[in-house]
Amino acid sequence: MKTISIATALTILASAAHGAECIDAKAAKAGFILERPGIHSEFRPAAGGMVSVANDYQSQSPQTQFLFGGLIEVFRDSETGQLAMIPFSDLRKLFPLKAGAKSKTVFVRLAANKQPKGTETLEINVKGKETFSLGDCKYNVLAVRQTIKSEAGKTQDEFTALYAPDLQAVLAR
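For the sequence shown, the working numbering gives the first residue as 1, with consecutive numbering after it.
Because the hints were derived from the structure by calculation, they are not lab data. Please note that a few of the clues may not be correct.
To be verified - What follows is a set of in silico ranges between Cβ atoms, one per label pair, in the way DEER data are often shown:
#1 Y57 - S89: 30 to 36 angstroms
#2 A46 - K114: 32 to 38 angstroms
#3 G48 - D166: 41 to 47 angstroms
#4 Q82 - A30: 34 to 40 angstroms
#5 A30 - L110: 16 to 22 angstroms
#6 G38 - T119: 20 to 26 angstroms
#7 E151 - I33: 34 to 40 angstroms
#8 A99 - D157: 20 to 26 angstroms
#9 S89 - R173: 23 to 29 angstroms
#10 G81 - F159: 21 to 27 angstroms
What the hints assert, rightly or not - Here are the computed lysine to aspartate or glutamate pairs in the DMTMM-like style, where the Cα-Cα straight-line distance is at most 25 angstroms:
#11 K98 - E120
#12 K104 - D90
#13 K104 - E79
Where is the CB? At the ideal position from N, CA and C, for every residue including glycine.
Kindly produce the complete structure, drawing on both the sequences and the hints.
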């Protein structure tokens, strides 16, 4: 789940810093491309509340991700393999996100030719609202703390994403 967030922050930052037009909600609904040296990312709305993000890296193989609401990764495909995160509850109930919201979603991670090691839990804690600047562009974002825990309760990954609901994209981590 790390790859897209880092790439997204860098691509949006580079676009804003180089004088590109600011992306708004209308542009995001039609899809948009964000670039920086070494990374080209194409964001496209997809069925069922998904956002498809096609990343083309200069030094790595291309990658496609499907993110529910532009925030929660549910599928990734690259030359190194495919990975799916299958939730056991309805992700639509998490959106729209609001400051103070907390949720826990149990899911299973599936990869080709590998048996799942058990279920995992994605904990989301929306810490609050902020204005985030990228170059001359300003975006209303939510600080979203995401924690992934194993079935035994051990933290596997934890980060705070600055999520722009209007764009359905993470702008920074």
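Hint check:
{"no.": "1", "hint": "Y57 - S89: 30 to 36 angstroms", "verdict": "holds, 33 angstroms"}
{"no.": "2", "hint": "A46 - K114: 32 to 38 angstroms", "verdict": "violated, 25 angstroms"}
{"no.": "3", "hint": "G48 - D166: 41 to 47 angstroms", "verdict": "violated, 19 angstroms"}
{"no.": "4", "hint": "Q82 - A30: 34 to 40 angstroms", "verdict": "violated, 28 angstroms"}
{"no.": "5", "hint": "A30 - L110: 16 to 22 angstroms", "verdict": "violated, 32 angstroms"}
{"no.": "6", "hint": "G38 - T119: 20 to 26 angstroms", "verdict": "violated, 36 angstroms"}
{"no.": "7", "hint": "E151 - I33: 34 to 40 angstroms", "verdict": "holds, 39 angstroms"}
{"no.": "8", "hint": "A99 - D157: 20 to 26 angstroms", "verdict": "holds, 23 angstroms"}
{"no.": "9", "hint": "S89 - R173: 23 to 29 angstroms", "verdict": "holds, 25 angstroms"}
{"no.": "10", "hint": "G81 - F159: 21 to 27 angstroms", "verdict": "holds, 22 angstroms"}
{"no.": "11", "hint": "K98 - E120", "verdict": "holds, 24 angstroms"}
{"no.": "12", "hint": "K104 - D90", "verdict": "holds, 11 angstroms"}
{"no.": "13", "hint": "K104 - E79", "verdict": "violated, 31 angstroms"}
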